[in-house]
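Take the sequences, apply the hints, and build the full model.
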Amino acid sequence: MSTTTTVPNPTDLEGKLNLYRSQLALRLFEQRAYDLFLENLVKGTSHLSLGQEAIAAGFAAAMRPTDWTFATYRGHAHTLARGVPMTPVLAELLGRSNGLMAGKGGSMHLTSVEHGVMGSYAIIGAHLPIACGAAWSAQYRGTDQVAVCFFGDGSVNIGAFHEALNFAAIWKLPVVFVCENNLWMEYTRTSEVTAVANPAADRASAYGLESIIVDGNDADAVYEIAAAAIARAREGGGPSLIEATTYRHGGHSRADPGKYRPDAEVAEWLAKDPIPRYRARLLEKGATEEQLREIEELVAADVDLATEEAKAGGVPGEDLLMKDVWADGGSSWRN
Amino acid sequence: MAQLTFREAIARGIAQEMRRDESIVFLGEDIGAAGGVFKGTVGLLEEFGGVRVRDTPISEQAILGAAMGAAMTGLKPIAEIMFADFFAVCWDIVVNEIAKSRYMTNGQMTFPLVIRSGNGGGLRFGAQHSQSVENWAMMVPGLKVVVPSNALDVIGLMAAAIRDPDPVIFLEAKVLYSSKMDVPDGEIVDTLGSAKVLRQGSDATLVALGAMVPKAIAAADELAEMGIDCTVVDVRSLVPLDTTTLLREISATGRLFTVEENPRLCGWGGELASIVSEEIFYDLDGPIVRITTPHIPLPAADALEDMAIPSIERIVTTVSKSMNS
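Protein chains in written order, with the numbering used here: chain A, 258 to 592; chain B, 28 to 352.
Don't read these hints as lab results, they were simulated from the structure. Quick caveat, the model's predicted, so the values are computed rather than measured. Be aware that a few hints might be false.
[Stated by the list, open to error] Label-pair distances were calculated between CB atoms; the ranges are:
#	chain 1	residue 1	chain 2	residue 2	range
1	B	A61	A	E575	50 to 58 Å
2	B	R151	A	E467	46 to 54 Å
3	B	P192	A	G494	31 to 39 Å
4	A	E575	B	E73	47 to 55 Å
5	B	P314	A	A463	57 to 65 Å
6	A	M579	B	Q30	43 to 51 Å
7	A	E467	B	I302	18 to 26 Å
8	A	Q288	B	A60	53 to 61 Å
9	B	S229	A	M579	37 to 45 Å
[What the hints assert, rightly or not] Only part of the chain A face toward chain B is listed, based on derived beta-carbon distances under 10 Å:
#	residue
10	S369
11	I380
12	Q402
13	A417
Beta carbons: idealized from backbone N, C-alpha and C, even for Gly.
The following block contains the structure:
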């Protein structure tokens, strides 16, 4: 089994090396997933987080194992960042029985309850109210768990976003809403279809929340803001709404080459790629080339191993087809 | 034994379960301080407090999303959608999220939750506050669908729905809220997926649901005077469906009449007719006949609404004509 990608707090060099490893693991995993699409081993659709890794990695580093992640259909990175091993995630993409959900969910619905990954949701905005419910449960049961809910800039214009923000604010729920603003709502520039310049942050005041924008391509900055918002939620201070600016290096989904984006814009953001940027910072902070190369080799080996293990997985059997509609494990609707 | 209205039975059923289990919480619009717009939740806030009985904003997606998130993390929420018509604004949470997530996650999650809602017509509320939506829910894999027809069943089926580990859509016929019956004291717990034979006859079987059940019984009384002896079965639960009882009672008389409040197309009676045709076709002595609301939105005027929804008279006429033809 390949290693996992959870990281300790990145407050010292060792922690930062771990955060580098985590981001790199997400990057190399997504690149491998893309290669496997091209080989036609991954069927259906898939939405990659290439370029957005610092957000998933930075937040995961600030979360406790008992906290909850709610992700979207662009959820591979958020799932891996919580410590879910690569093999079952990749196997799920390949539709194999050793997949995270034995092939029943697929790329858009990655879930690992044991790691606090409470689902990846493929209907825009739907999981914001669901994250409120988990946060309500933590509040009611008096645990100090926090729900962290990630979504894209396109989600801020759907009703569920506004219902959830108001609901979380009035009930003072321990939930952190994180808008990954990658500037493009599928194939359309977000600013062309959004009434305000900062799609999430400019809406915060409507719910009595602070307007927060963070550089989503800087894992340290993300970690700091995440740690503060999560701590506030944990202490009973209520929800936060964070807008993390970033850019996806590829198209919206597998089917989209992303040609609608100006070359200059793509080039500008590739120059802000969070991973080389973080690597350079580590060298400045005293990490050695050898240390970084060792991490890079280990992560690459992990991805190779996960690929082998995923490909070796079996085809899901008919027994799975009719299983687990109901809590009794079955699917019967009549006697 | 006490005489109880259908609306009082709702609060009694919920209270019975909330006393037993601290993980049961209840949320919805106007359910607390106001006691529910139909007064079905009177007394719950006073007994259980505002932490367990919580008023919400008019945000149906937030209500059901919160119920789902709470259910997946250890609570047993009951959520109210005031009018079943409002399911249309939060149907994504019901259909795409609550119903599918257990299957999609290969059984990692369980959703022990109940969504109760005022359903159906008869109160002259017009097309957006009178729909019968049980068939919307019935056709979605992953939802259980319960429709009680009297106060006793409300308590017992509510308890069964709350105790069930799966999501249950609990539809209350609004027109029955003021109906009364004697209900025994003490704990009442029923079983999901069990139809009830309310009247045993030999000539025809009337299968009815919710508000159509008392009408089917009244029609059977009139038909008896005309020499047509009817069995009446209260379906009570569309999912799971008690086909054992239904097929037995339909076989016994050889004739099936469904009485459905829903508009004609894709009503539960169509599914039942299909099952009967496939499995006991040779036990039938005549055609299956469905008595439904026509395929129209419900009108508001009392005269028009009464023409639309199956009446005792229409049941009697339809059954007697068909039996005598």
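Going down the list of hints, with the structure as the test:
no.	hint	verdict
1	B:A61 <-> A:E575: 50 to 58 Å	holds, 51 Å
2	B:R151 <-> A:E467: 46 to 54 Å	holds, 49 Å
3	B:P192 <-> A:G494: 31 to 39 Å	holds, 34 Å
4	A:E575 <-> B:E73: 47 to 55 Å	holds, 53 Å
5	B:P314 <-> A:A463: 57 to 65 Å	holds, 59 Å
6	A:M579 <-> B:Q30: 43 to 51 Å	holds, 46 Å
7	A:E467 <-> B:I302: 18 to 26 Å	violated, 58 Å
8	A:Q288 <-> B:A60: 53 to 61 Å	holds, 56 Å
9	B:S229 <-> A:M579: 37 to 45 Å	holds, 39 Å
10	S369	holds, 7 Å
11	I380	holds, 5 Å
12	Q402	holds, 8 Å
13	A417	holds, 5 Å
Checked against the numbered hints above, the structure violates only hint 7.
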